[in-house]
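Chains as they are written, first to last, in my numbering: chain H, 407 to 708; chain P, 3 to 372.
Don't read these hints as lab results, they were simulated from the structure.
From a predicted model like this one, the values you see are computed outputs, not experimental measurements.
Treat the hints with care, as some may be off.
Once the Cα atoms are required to be at most 30 Å apart in a straight line, the calculated DSBU-like pairs of lysine-lysine come out as [unchecked claim]: (1) P:LYS153 <-> P:LYS96; (2) P:LYS254 <-> P:LYS305; (3) H:LYS695 <-> P:LYS96; (4) H:LYS695 <-> P:LYS134; (5) P:LYS254 <-> P:LYS169; (6) H:LYS695 <-> P:LYS169; (7) P:LYS183 <-> P:LYS105; (8) H:LYS535 <-> P:LYS72; (9) P:LYS105 <-> P:LYS215; (10) H:LYS487 <-> H:LYS695; (11) P:LYS96 <-> P:LYS186; (12) P:LYS183 <-> P:LYS72; (13) H:LYS490 <-> H:LYS695; (14) P:LYS72 <-> H:LYS534; (15) P:LYS169 <-> P:LYS93.
Sample of chain P residues lacking proximity to chain H, with all beta carbon distances greater than 10 Å (derived) [what the hints assert, rightly or not]: (16) ARG5; (17) GLY31; (18) MET81; (19) GLN84; (20) ARG171; (21) ARG175; (22) VAL176; (23) ASP323; (24) SER341; (25) ALA342; (26) PRO354.
Don't be surprised by glycine CBs; every beta carbon is placed ideally from N, CA and C.
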Amino acid sequence: MADHILTQNSATVRDVETIRASELRRHHINVVLRYALLGGVGLLMLYPLIWLIGASFKTNSEIFANPGFWPENPTLDGYIKGWKTSTPYSFGTFFLNTLWIVVPKVIGTAISCTAVAYGFARFEFPGKKILFASLIATLLLPNVVTRIPQYLIFRDLGWLDSYLPLWVPSALAGDAFFVFMLVQFLRAIPRDMEEAARVDGANTIQTLIFIVVPLIMPALISVCLFQFMWTMNDFLGPLIYISSVDKYPVSLALKLSIDTTEAFEWNRVLAMSVLTLAPALAVFFLAQKYFIDGISAGGIKG
Amino acid sequence: MARLQLRNLEKDYGSFRAVHGINLDVEDGEFMVLVGPSGCAKSTTLRMIAGLERVTGGEIRIGGELVNDKTPGDRGISMVFQNYALYPHMKVRKNLSFSMRLKRRPSNEIETATQHVSGLLEIDPLLDRLPKQLSGGQAQRVAVGRALIKKPQVFLFDEPLSNLDAKLRASMRVRITDLHKQLKATGQQATVIYVTHDQTEAMTMGDRICVMKDGHIMQVADPVTLYSRPANTFVAGFIGSPEMNFLDAAMKGENSVEAAGQTIVLGDGFSRRLSAGGLGDVTLGIRPQHLRIAAAEAPGTLKGRLNHIEFMGHEVYLYVDIGPKRLIAVVPSSTYDRSALRDDWVWLSTDPKGVHLFDRQTGENISLAA
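Construct all of the structure, not just a fragment, from the sequences and the given hints.
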């Protein structure tokens with residue numbers, strides 16, 4: 407009797423073990439499949455970028471001969487010659503030019519959009535609703551529609567072939583999207599801290615700088631990041647307003663190497679494209695932490 | 003001098019009038035509590051005093067000076083907010099000294115003041131923490147410290163304890179009143195306006211209490227007066243727990259009233275307490291603590307059926323149905339002998355001193371004369 411029960415028990419234990427083992431196996435297969443699929447799709451999406459980086463080290467003839475991304479005879483030729491360009495200016499000049507557009511634009515956007523958003527989110531003034539509605543309305547306006555009037559205005563101001571048309575509108579809170587983004591963010595933050603600051607003796611500007619700006623920092627960093635990347639990548643703006651080669655930003659300068667009458671030096675174009683991508687990627691990964699971090703937690707209870 | 007005066011203070015939100023021309027005087031060094039149910043405009047009044055809300059009409063004077071058009075920072079006030087409103091990106095030290103840094107005080111002065119305040123509130127170990135690393139009670143003390151460091155003429159508290167648990171609330175209550183006494187003892191101006199919806203807080207903390215309802219002041223008095231001589235049915239019902247019993251009644255002769263078909267004798271000389279013309283339809287108000295179980299039917303007692311008994315430890319709540327009306331009597335456990343059980347008929351006697359008569363139309367207490 408006892409023996410019988412024992413054997414039965416050990417049989418059950420064995421059963422349980424087999425079931426557990428098969429479950430574990432299934433789990434492993436599942437994980438492998440899932441990651442293989444994710445990795446595959448990820449690779450597929452990244453492939454153009456990987457190919458670009460690989461091809462930038464290839465010789466011009468190999469780019470068309472070898473479809474794989476790994477260069478057979480890696481060479482820095484593309485980078486060296488590409489950097490020199492076919493113009494009297496090196497790519498360094500173009501990078502600097504981009505900087506002259508990006509830096510004032512990002513700083514101007516951050517300051518002006520914060521001020522405008524603070525006004526819309528926290529103050530009552532006559533015509534606020536209409537003004538805010540028209541701000542939002544400009545969001546819906548296709549960019550193309552305003553290109554010609556803008557061009558005419560800037561021409562009359564004598565701003566053509568300068569960087570002013572590229573950054574001044576943004577520095578005056580011309581990007582409704584960013585204002586809207588900050589307004590929405592501010593609306594979610596309780597006013598108590600600003601009221602506490604006013605009781606502590608801060609005026610409007612001090613409240614904005616010492617209290618509001620730190621509170622909206624995550625949103626503000628997103629704004630700067632977007633503005634940075636979009637400006638780096640902007641092609642149409644410089645194309646319309648910049649005509650002298652010595653003022654070209656990188657986005658235009660890349661096109662320059664394609665425009666030359668000689669046969670295209672593809673490896674140079676690709677090499678410079680890689681360099682152009684680098685700052686945007688670097689900034690994104692550096693700022694990623696702040697993108698996600700919220701610091702508003704903890705000041706308010708309830 | 004840090005006397006606070008409100009004269010015909012009014013606040014409109016569009017066409018809605020939130021505060022109806024209130025008048026209030028808070029003496030120098032006084033602890034004044036504004037109490038009332040939600041929507042009674044007590045917080046609005048406080049925010050107007052702070053300067054966070056524009057005044058529609060009337061005057062606010064602090065230390066005799068008209069402050070209607072002054073910014074909050076220039077009024078000589080400081081405020082503790084319901085949800086603390088600490089600056090989340092600043093450490094406790096910076097939170098405390100923010101107002102002084104705005105005024106560009108010398109750094110050694112800031113340091114001394116910070117040390118003094120943090121010592122007073124026992125928050126010195128927390129000085130290098132961020133607000134998110136503080137518990138509710140600690141954050142509350144930091145918020146009080148931030149108000150204290152300004153050495154204001156008037157302290158404003160906006161329901162500062164409502165986010166704390168019951169135990170912490172009780173200890174913070176004592177701490178704040180102690181702090182007030184301490185400040186007064188050291189000669190610092192310490193006029194306090196304290197807003198709460200909790201009548202226990204009001205009764206235990208205030209030198210005087212201002213009971214508000216719908217933007218009107220119902221009564222301003224010290225806690226004892228408020229409890230024993232409520233000016234109207236609202237105050238009588240709001241102050242005291244459990245709530246005062248109210249019965250519709252009619253005067254019957256000089257010292258008795260008829261309520262729920264029964265006659266209640268109010269005792270000799272009660273009529274002397276009545277204001278002139280205080281006859282006719284009245285509301286009878288008796289606190290649960292002033293009702294006693296009578297041994298047997300006696301003239302002037304109220305007969306009712308015992309509906310429910312709640313044993314609270316040191317006292318017993320008896321719910322007695324008198325006709326359609328339910329009265330609550332609170333008797334000390336020691337005097338309750340458990341002879342009366344549920345559904346038994348009982349007789350309630352009243353303590354004439356605890357009986358109030360209110361005008362049924364206006365709600366005014368007409369038994370306060372003499």
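- prompt: Has the given pair, LYS695 of chain H with LYS169 of chain P, been kept, meaning a C-alpha gap of at most 30 Å?
  reply: 40 Å, violated
Are LYS535 of chain H and LYS72 of chain P close enough, with their CA atoms no more than 30 Å apart? 28 Å, holds
Checklist entry - Holds or violated: are the alpha carbons of LYS183 of chain P and LYS105 of chain P at most 30 Å from each other? => result 28 Å, holds
Exercise. In terms of Cβ atoms, is chain H entirely out of 10 Å range of GLY31 of chain P?
Worked result: 21 Å, holds
Tell me if the straight-line CA distance from LYS169 of chain P to LYS93 of chain P falls inside 30 Å.
27 Å, holds
Restraint check for LYS183 of chain P with LYS72 of chain P, where alpha carbons must lie at most 30 Å apart: With Cα atoms ~29 Å apart, LYS183 of chain P and LYS72 of chain P stay inside 30 Å; holds.
Notebook entry, point to check: Quick one, are LYS153 of chain P and LYS96 of chain P close enough, alpha carbons at most 30 Å?
Noted result: 17 Å, holds
**Study point:** Non-interface claim for ARG175 of chain P, where every Cβ of chain H lies beyond 10 Å
**Key:** Holds: least Cβ distance 18 Å, greater than 10 Å.
Whether SER341 of chain P stays farther than 10 Å from all C-beta atoms of chain H, as the label says:
49 Å, holds
(message) Can you confirm whether the C-alpha distance between LYS695 of chain H and LYS134 of chain P stays at or below 30 Å?
(response) 19 Å, holds
| message | A cut-off of 10 Å on Cβ-Cβ distance, and ASP323 of chain P was said to be off the interface with chain H. Does that hold? | response | ASP323 of chain P clear of chain H: closest Cβ-Cβ about 41 Å, beyond 10 Å.
>> If we take the beta carbon of ARG5 of chain P, is the closest beta carbon in chain H still more than 10 Å away?
In response: Per Cβ check, ARG5 of chain P is outside 10 Å of chain H; nearest 20 Å; holds.
Comparing the model with each earlier hint shows violations of hints 5, 6, 9, 10, 13, 18 and 19; every other hint is respected.
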